[in-house]
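Chemist: Chain by chain, the residues:
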Amino acid sequence: MTAPTAPADLDAARSALGSACAEIVDAAGTDTVDGVRPALVARPASTEEVAGVLRAAAAHGLAVVPRGRGTKMTWGRPPERADLVVDLSRLSGVVDHAAGDLIVEVRAGTPLAEVQEAVARGGQRLSLDDPVGGSTVGGALATNLSGPGRVAAGTARDLLIGVTLVRADGVVAKAGGRVVKNVAGYDLGKLVIGSFGTLGIVTGAVFRLHPLPAVRRFVSVPVESPDDALRLAQSVVHAQVVPAAVEVDWPATGPGRLDVLLEGTDAGVEARTTTTLRLLGGAAAESQAAPDGWSRFPWHGAPDRPLALKATCALSGMAGVIGAARRAAEEAGTTVALRGSAGAGVLYGTVPPDAPPAAAARLVDRVRGACTAAGGSLVVLDGPPATTAALDAWGPIPALDLMRRVKNQFDPERRLAPGRFVGGI
Amino acid sequence: MSVTHGTESTAGPVPGPVPPEETAATGAGGPDPAAMAAVKAAARAALPPDALIEDHIRLRTYECDGLAHYRVTPALVVLPETTDQLAAVVRACAEHGVPFVARGSGTGLSGGALPRADGVLVVTSRMRSIREIRPADQRAVVDPGVINLALTKATTPDGYYYAPDPSSQQVCSIGGNLAENSGGAHCLKYGFTTNHVTGATLATPQGDVVELGGLAPDTPGYDLLGAVVGSEGTLGVATSVTVRLTRLPEDVRTLLAGFPSTDEAGAATSAIIAAGIVPAAIEMMDALAIEAAEAATHCGYPAAAGAVLVIELDGPTAEVEYELAEAERHCREHGSFEWRVATDPAERALIWKGRKSAFAAVGRISPDYIVQDGVIPRTALPEVLRAIADLSSSSGVRVANVFHAGDGNLHPLVLFDDTVEGAGKAAEEVSGAILDLCISHGGSITGEHGVGIDKAAYMPRMFSDDDLDTMQLVRCAFDPAGVANPGKVFPTPRLCGEVPGKHRGAHRLVEAGLADAF
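Protein chains in written order, with my numbering: chain A, 671 to 1095; chain B, 13 to 530.
The reader is advised that the hints may include incorrect statements.
Stated by the list, open to error - Covered by chain B, according to a simulated footprint, are these stretches of chain A (three or more residues, beta-carbon under 8 Å):
1) 764 to 772
2) 938 to 952
3) 1064 to 1075
Claimed, not checked - To give an idea of the interface, some chain A residues facing chain B are shown, with a C-beta separation under 7 Å as derived from the structure:
4) Lys844
5) Val850
6) Gln910
7) Val912
8) Ala1014
9) Val1049
What the hints assert, rightly or not - From the derived model, a few chain A residues whose C-beta atoms are all more than 10 Å from chain B:
10) Ser685
11) Gly699
12) Thr702
13) Arg707
14) Val711
15) Arg725
16) Ala729
17) Arg739
18) Glu787
19) Val802
20) Gly859
21) Pro892
22) Ala959
23) Ser965
24) Arg997
25) Leu1061
The set of hints was computed from the structure by calculation and includes no laboratory data. Keep in mind that this is a model prediction, so the values were computed, not measured. Cβ atoms here follow ideal geometry from the backbone N, Cα and C, with glycine treated the same way.
Please construct the entire structure, taking both the sequences and the accompanying hints into account.
Modeler: Okay, structure coming up:
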């Protein structure tokens, strides 16, 4: 760790940054990165400007944290230091929607919603949900954001076909391209997805698209126990109804609910809805409208920073994880609300911010144990600083040494979001 | 008949009269005797006696992969049976600076598993058990040497299959598929190997054993698995692979449609995609490819067709019926004069027979050919096909086109007779020009065959020095000693640990002409 940037150095850095990028401003309180206040904010409007900014930052030894619209700045660990926030909101816009090729090229600061609007005009969509709301392409990639639609379309790693990134030393590199089928060279896109800005700053992305379905239909059923939820979810994924999403929703109190999304043609969805209603039993009901909380994290709209967990498991382990989380919350004298994809094996959980740190830590341990036993993992995405400071946010990472070596190659001076990622990377 | 790739001006790192196998990239100088002796000793200590092949005659049976034009006899072949055995050999290679190349079934088409004369070939064919089939989790855990089709056969009774289906699926291995990020005819809808591998045990190029990914998705940390899949054996060797299993579709329909020319067939393809239909596969063959397939297999493709499309639709019955009707309509509206729908597996197999046998069938109409694997944006198909036709007519070199039209992955077969003076060179020029066409249309030099040794020299046409240098950062993280399949993928290895532009004298590899310093 180094000392905060001294004022004299700061003036020199500001001047160097200023010759690379027109918009360099002093950071305000709202620019704080999870409690760490940067000195400066750069707002580059092109890949070239980002490169210039990162070269200047390298020359002046500035620690850099990239930012889209700042909707997930408290995710991961707080950075060890942050001298400069590189705000990508001016690097925005759809560059090219090649509808005939089912691809879209976008700048990293483009809000996902804007991408969807643009491609929807051609009857297509980017099959990447935004459960946070207001996320940019770059932010979604950096945090590997996903939602219910991942059952059918996968996640960012299945959709990103080309990437432009700027390295810590300001070098601009591209990987992949504009065609869906391409095995030339290493897939750097995979490496930057979910890397929390620690390997480089993504400035542009090319995604494959899917056609918008003609019809969408939801089938929902209340479930009494996690075992019931698992049994019904399994009956759907192993049937021939090809669900677009299979979500489980378990509020802090009361029974749970299983929601199945069916998409396709009119006749096809009709037939599959009938089958799904039969599979889910007499209490199941269909609806044109999305159920409450659809494609939102269970902590969505919370006024403060509740504990936010991401749990993964093999499909058959879901009941065990839900059960363990609910029992652990009860024993810790708190509550947990869970929601996620029973079709993919991903559950998000939230615990109220007033849960004592020690109780929250016990709960995290218990749930992590259940996830690990089911072939998955548990990550603490966010939470009250007093609670998360005492927690192992990422859990055990089997290939950590190799990850550190990758980081060391890309950012040997540890200036990109230092400390935010696994193992203090 | 010989199958060749690349061109004289592009194949392998040393163009010109030197045969491609005799280059620095394949360790032409032979092994360092002391280092190789140490590796052999370590391998003998770790492996059963019959797992080492040192006899020259037997070593020669491993001299090439599916790209038989390149041949190099390895210094040693090992056939490990376990992760520990495999890692022990790799560790010894790393310790003694001996290059190693991993090989599954050896069906690759870019020379990715071409051995090194100074190195060890690590063959996974004795690691062949399907360890777990977990239908409830939609996963299977398999050894790297498990045959692709064997996995599908093993999971079919549970209603599942393994979706990536390269045309060599009867013999190719899952480990090789992982290394090459293999595709197949159905990747238009289902994606590639990278979309179907969720975990792997990796022997790193230093011989460490690490777990990447697993049964569950979104493993915390960098997606190293995503980097390893498709890295062509340069980042380590997978010793166990966890794959996603896909539900067998309720219904499958295959449509064969004949068109006057590739223009109409291409337009029909675009119209189908534009209508929001994502078929499992759309394959195209032009007149020359049809002629060859008909001669070889009597597959009954429409006579006098300038092009045929094989369109496969799968999924829930109601969806498939709708999509089939739409696909037929688009074909008719774009000039299809004959179409036929397979309704049972036998008819489906007959339609596919012509397509699947096309490469081999070309041997009936030409003694030699080069096959390329370039990709273009689908909308550029008519333009690029016309440009290929122009190339063909201006050079007098015949080109048969068989390809995955849905995703723009071309497989032009450039025909020649190597006994005719200059014919090989002319074919190589046409083949290289086709790859340039792909690049200039925003495409890729390889859609599924991999870069290997064959197209390494083409990488700088598609990527800048900075792009390639950045990719090599990953390689340096995994393989600082540069022993994992060196000479493949990248035209010039990066010397790890050296800062670009700052050198104290020449590195010994530079002096030896084995590497360029960036």
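Chemist: Hint by hint, say whether it matches the structure.
Modeler: Hints, one by one, checked against the model:
1. 764 to 772: holds (count 5)
2. 938 to 952: It holds: at least three residues are needed, and the stretch 938 to 952 of chain A offers 4 whose Cβ sits within less than 8 Å of chain B.
3. 1064 to 1075: holds (count 10)
4. Lys844: Constraint on Lys844 of chain A satisfied, holds at 5 Å.
5. Val850: 5 Å, holds
6. Gln910: Holds - the Cβ of Gln910 of chain A comes within 7 Å of chain B, reaching about 4 Å at its closest.
7. Val912: With a minimum Cβ separation of about 6 Å from chain B (threshold 7 Å), the hint on Val912 of chain A holds.
8. Ala1014: 6 Å, holds
9. Val1049: 5 Å, holds
10. Ser685: 26 Å, holds
11. Gly699: The claim holds: Gly699 of chain A sits with its nearest Cβ about 31 Å from chain B, beyond 10 Å.
12. Thr702: 25 Å, holds
13. Arg707: 27 Å, holds
14. Val711: Non-interface label stands for Val711 of chain A: nearest chain B Cβ at 26 Å, farther than 10 Å.
15. Arg725: 13 Å, holds
16. Ala729: 16 Å, holds
17. Arg739: It holds; Arg739 of chain A is separated from chain B by about 22 Å at its closest Cβ, greater than 10 Å.
18. Glu787: 18 Å, holds
19. Val802: 16 Å, holds
20. Gly859: 8 Å, violated
21. Pro892: 23 Å, holds
22. Ala959: 23 Å, holds
23. Ser965: Non-interface label on Ser965 of chain A holds, nearest chain B Cβ at 17 Å vs cutoff 10 Å.
24. Arg997: 21 Å, holds
25. Leu1061: For Leu1061 of chain A, whose nearest Cβ neighbour in chain B is about 14 Å away, the distance exceeds 10 Å, so it holds.
Of the numbered hints given earlier, the model fails hint 20 alone.
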